[in-house]
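Q: Hey, can you work out the whole structure from these sequences and the hints?
Number of protein chains: 2
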Amino acid sequence: MKIQIIGNGNVATHLYNALTSSFQVSNVSSRTLDGFDISSDISIICVKDDAIIEVANKIFEFYGREYNGIIAHTSGSKSISLLDIFEDRAGVLYPLQTFSKDISLDYKSIPFFVEGKSEKTRKSLLELGMRISGKVTEMDSRHRIKMHIASVFICNFTNHLLTLGDEILKDCGINFDVMVPLLRETMRKAENTGSPFSTQTGPAIRKDKKVIDSHINILEEDFPGNFSEIYKLLSKSIIETYR
Amino acid sequence: MKIQIIGNGNVATHLYNALTSSFQVSNVSSRTLDGFDISSDISIICVKDDAIIEVANKIFEFYGREYNGIIAHTSGSKSISLLDIFEDRAGVLYPLQTFSKDISLDYKSIPFFVEGKSEKTRKSLLELGMRISGKVTEMDSRHRIKMHIASVFICNFTNHLLTLGDEILKDCGINFDVMVPLLRETMRKAENTGSPFSTQTGPAIRKDKKVIDSHINILEEDFPGNFSEIYKLLSKSIIETYR
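Chains as they are written, first to last, in the working numbering: chain A, 25 to 267; chain B, 25 to 267.
Keep in mind that the hints are not guaranteed to be accurate.
Identical copies go unnamed one by one, so any copy, or any two together, can satisfy a pair.
[To be verified] Below, a list of computed lysine-lysine pairs in the DSBU-like style, where the Cα atoms sit at most 35 Å apart:
1) K260 <-> K26
2) K82 <-> K194
3) K213 <-> K159
4) K72 <-> K147
5) K144 <-> K260
For the record, the hints were derived by calculation from the structure and aren't laboratory data.
A: Following this line, the structure appears as structure tokens:
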């Protein structure tokens, strides 16, 4: 199977590395389409979300008559419908992972989510995903977007809470490192049980109004910005979740 | 040095285990004070925040004239002033960790924060902490409370975001496990850099209004409760943090 990856960002680089041992893989410039091979079985558009439609249109314009392979994008937040011009050959191959260019990842642990406009497209993309990680699931666009929302809560928003916590630690003259054992223990519990719902701790789940109010007072006095508002909303959400 | 631990919850159990190799440690019932030893050098009150003052008063009432040792509590969120009746001998020994009764911890990795009303009290509690973990810092009550607030953001609130994310995953028919590699990578980056500020990713830091709005729409349609409000507030906070 011949595969070409269009783009050269983080996801493109990692996909290239993950596929190169099992397939004949080539790289194509997303700007010029230099190197585009019409005999490829699968073309994977690995570019920023907002550039997908432009690259897709360019491929259709340049090679629409000659290229009969599959065209897939790798976005978690974009519908398969961006590739509607390719009809049955449109697909999605979404790797659920944050990629940094310089860090090598264990590709086997990365879950892939696949969608295809036809049985043939789906099958080919499932096969591709199986070769990389073995963890491949079919999922339609709306659920993929929901899963992306889940990853925003689980990764992006949690990271921001670490940032806000780190701000407070700076005020105490303490490094973020000090919190790492506690953070690891929290994560370990959530991972091991597979249910963060069951491992919640802290003043909000104890409905400890005195501590909550004293925390809000200190945040309002010493930390301008969104600190106290976030503290209030997340405490409210915890209390309501365990009512 | 003779130490007695008053209480039998998670923190009490773990402190007992951590101290028993270096000191002569005994356990005292927080309800009856059965086993209270007036010749102890340090008495550590390990009970729920709201019970500290009651236990302290009981000790003072029963043994106020005879006991001349140090009295410390272990709370992150309560001031040393709860123990004012013990004057110079009042202290705090706060271990920054979530304790589960059945899980053995690496005590060496747990940071302790110490406060004492006198030099002698501070010194004794610092020595105690040094024996357990070697990571001991002096910190006054207000900063200790702030640090506790930081730990609410870093541990309790992040765990709740995992819970909310897990709710969304359930709607996709996906287990929490699927997010674990992504979560680990997020945590690994924050830990390795020591600066979660520098490792933020996601639609909000990219100021990707289209994706943010589509996520909010889906949350409003399919997830009642606080989901969309939390999404909006945390995205706003990220955008403002990186302005």
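Q: Using 35 Å as the alpha carbon limit, work out where K260 and K26 are close: within a copy, between copies, both or neither.
A: neither (53 Å within a copy, 44 Å between copies)
Q: How would you label the pair K82, K194 (within, between, both, or neither) given a Cα cut-off of 35 Å?
A: neither (49 Å within a copy, 38 Å between copies)
Q: What label fits K144 with K260 when the C-alpha limit is 35 Å: within, between, both, or neither?
A: neither (48 Å within a copy, 42 Å between copies)
Q: For K213 vs K159, is the C-alpha pair at or below 35 Å within one copy, between two copies, both, or neither?
A: both (23 Å within a copy, 23 Å between copies)
Q: From the Cα coordinates, with 35 Å as the cut-off, is the pair K72 and K147 best called within, between, both, or neither?
A: This pair counts as within: shortest intra-copy Cα distance 25 Å, inter-copy 57 Å.
Checked against the numbered hints given earlier, this structure breaks hints 1, 2, 5; the rest are met.
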